[in-house]
Amino acid sequence: MTVFVIRRFLQSIAVLCVTAVIVFIGIYAIGDPAEMLISPDASPAERAQVVASLGLDKPLWEQFFTFAWNALHGDLGRSFVFNRPSIALIFERLPATLELTLTGLVFALVLGIPLGLLSGLKPNSATDEVIMTGSILGFSLPSFWQGMMLIMIFSVWLGWLPSTGRGQMGEFLGIHSSLFTLDGLTHLILPAINLSLFKLSLVIRLTRTGVRETMPLDFVKFARAKGISERRIVFVHVFKNILIPLITVIGLELGSMLAFAVVTETIFAWPGIGKLLIDSIMRLDRPVVVAYLLVIVSLFIFINFVVDVLYSLVDPRVRLGGAQ
Amino acid sequence: MAPVLEVKNLSTHFMTRRGVLKAVDDVSFTVGEREIVGLVGESGSGKSITGFSILGLVDPPGRVVSGQILFNGEDLLTKSPAAMRAIRGKRIAMIFQDPMMTLNPVLSVATQMIETVQAHDRVSRAEARARARDALGLVGIPSPEERLDSYPHQFSGGMRQRVAIAIALLHRPDLIIADEPTTALDVTIQSQILFEIKRLAAEFGMALIWISHDLGVVAALADRIMVMYAGRIVEAGQVDGVLTEPRHPYTSGLLSAVPAAVPRGEPLRPIPGFAPSPLSRPSGCAFRDRCARATDICATEPMLEIAAGREFRCFHPHLWSAA
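Listed in order, the protein sequences are those of chains A and B. Under this note's numbering, the first residue of the first sequence is numbered -10, with each subsequent residue one higher. Under this note's numbering, the first residue of the second sequence is numbered 17, with each subsequent residue one higher.
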């Protein structure tokens, strides 16, 4: 286990270095932030001074090494637009996105697994047909359209739930979150549903397929021959086997939910990092984009690590660390 | 001696889209107390489905359509699902063919054994574990206490089959149905397992139905043998009699296709043709298309003849001078 953690840590550093290089070069290629930041009627002298102060007059490699050197000291640069440390901007916004994503994920799992089990245990029944048709809708309707429909139905027509913002935040154990006030919760419901509908369909289908594949296996029949109750067969024998593919996919999807909450955050004016990213790209605010991507990559790495640890807990054939 | 199991006119059919598949067709037999019965036949002859029918484990679209399965005098076919569950694993146990597939890969051996104990008896976890450990010791697994916490992938095929046998023995059932439990194992392991099962069956006074396509295995193990062909029992009797003086041409055909039974240097004589598709079995004797002795009368259903402790369904049985 220790060997595994150390090896994984070294790999992660390598991945972060490579990403930093790619992202830095990539963002360098898309445009000149000076054009966006400096007003057109500024004099050439003023212009040269701003460019120099941002370090934009230096060659790419020098800019990169300055960035890398600072990054090693924990400084990922200052936002051109806000003139604040970019990492601080991101961490300010991250909790809102995490809160949205985790709520969406919990929603997808809590609803998706039972529905998938129901479907898989009674294939081709009316219940199964309804659930499967529903999941096709979840898959195929574009997220932004679903979001607007949710707003139209629940905010405009019914007037039950607010359509924008994060609402009032409460504090619990030093964490500020919308989860702790009623007002915050009502603000959270619609965006969380919007973000989770696709994942919900995915969880339903994964669970259903898992059940359908596992039920005919010999060990299920053997468990029946032992006189084990049907309930235990489903919830212990079958479910533990389904968890393996489920954890894999959910791990990957959680990362993509965090990274691509952009659409939902834009529709519901949710002040998360997705919205920050879009704004920063528009303004060519390089330090924020680079820092954002590094944070997301780190999150991906962390999630994958958690997934690997969960694997070893669920599947005894997986032992972390490789050699016995 | 009262029979443990009495199967009467059992038919199990599969309602498939292409028609009714008669996997088991009017099968009757009995298994006495402590008796070891070999059920022999080629693939698709219905021998495994017979076993699953007894336990009530035939998967849809299959269904037991008629007959009686009397276990200690009670008809299992009239029992509720809950009552059947209480019998399965407790009084009738089953061992499956492929030990690589019968144990759940993500649950420890201890979990899989303890749940079997606790499914039927209200005992503490510690006591269930002790019983599991004893059962593992009984089937010859070294250091059972440590092995309990292992997972199936940490065992070899032979050891996994021993675990499956230990699970079947947990409740000292009256009857064990063994569905080709040695087929997937290599020959040396096979004979060890055979020996163990025979010893344990005798020790605990269990009756055994041994399903196999291997005549050699059945000859070494069973008291009585039943030969199945196309969903029916075509011949049944004491092992010695059936294997030395078969009456049904199918049985003699099987015997002359066994390498060990034919003198060295002589060619094996396989049975010509293939078993008929279970969806379109010919009327009358299902074996007649492959049989050298068949005549026109074989197009009608041969009745079960019983002579000198031997049962067979054939119009033209082999005659043996001593018989």
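It is possible that some hints are incorrect.
Said to hold, decoys possible - With a Cα cut of at most 25 Å, we get these calculated PhoX-like pairs of lysine-lysine:
| hint | chain 1 | residue 1 | chain 2 | residue 2 |
| --- | --- | --- | --- | --- |
| 1 | B | Lys38 | A | Lys210 |
| 2 | B | Lys95 | A | Lys111 |
| 3 | A | Lys229 | A | Lys111 |
| 4 | B | Lys95 | A | Lys47 |
| 5 | A | Lys210 | B | Lys95 |
| 6 | B | Lys38 | B | Lys106 |
| 7 | B | Lys38 | B | Lys24 |
| 8 | B | Lys106 | B | Lys95 |
| 9 | A | Lys111 | A | Lys210 |
| 10 | B | Lys95 | B | Lys24 |
| 11 | A | Lys229 | A | Lys210 |
| 12 | B | Lys106 | B | Lys24 |
Because the hints were derived from the structure by calculation, they are not lab data.
Quiz prompt | Proposed proximity, Lys210 (chain A) with Lys229 (chain A) (alpha carbon, max 25 Å) | solution = holds (16 Å)
Exercise. For the pair we were handed, Lys38 (chain B) and Lys24 (chain B), check the Cα-Cα distance against 25 Å.
Key: holds (16 Å)
Quiz prompt | Restraint status (C-alpha distance of Lys95 (chain B) to Lys47 (chain A) at most 25 Å) | solution = violated (86 Å)
Quiz prompt | Lys106 (chain B) paired with Lys24 (chain B) [C-alpha distance capped at 25 Å] | solution = holds (23 Å)
Exercise. Assess, step by step, whether the Cα of Lys95 (chain B) is no farther than 25 Å from the Cα of Lys111 (chain A), and give holds or violated.
Key: It holds: about 23 Å lies between the C-alpha atoms, which stays within 25 Å.
Quiz item: Within 25 Å, alpha carbon to alpha carbon, are Lys38 (chain B) and Lys106 (chain B)?
Solution: violated (29 Å)
Exercise. Would you check the hint for Lys95 (chain B) and Lys24 (chain B), treating anything up to 25 Å between C-alpha atoms as holding?
Key: Holds, because 16 Å separates the two Cα atoms, which is no more than 25 Å.
Quiz item: Would the pair Lys210 (chain A) and Lys95 (chain B) pass a check requiring their Cα atoms to be no farther apart than 25 Å?
Solution: holds (19 Å)
Practice problem: Decide if the proposed pair is consistent with the structure: Lys106 (chain B) and Lys95 (chain B), CA atoms, cutoff 25 Å inclusive. | Solution: holds (15 Å)
Quiz item: Given the proposed pairing of Lys111 (chain A) with Lys210 (chain A), does the C-alpha separation stay at or below 25 Å?
Solution: holds (17 Å)
Practice problem: Below or equal to 25 Å on CA atoms is what counts here, so check Lys229 (chain A) against Lys111 (chain A). | Solution: holds (19 Å)
Exercise. Take a quick look at whether Lys38 (chain B) and Lys210 (chain A) sit within 25 Å of each other, Cα to Cα.
Key: holds (22 Å)
In terms of the numbered hints stated before, the structure departs from hints 4 and 6, listed from lowest to highest.
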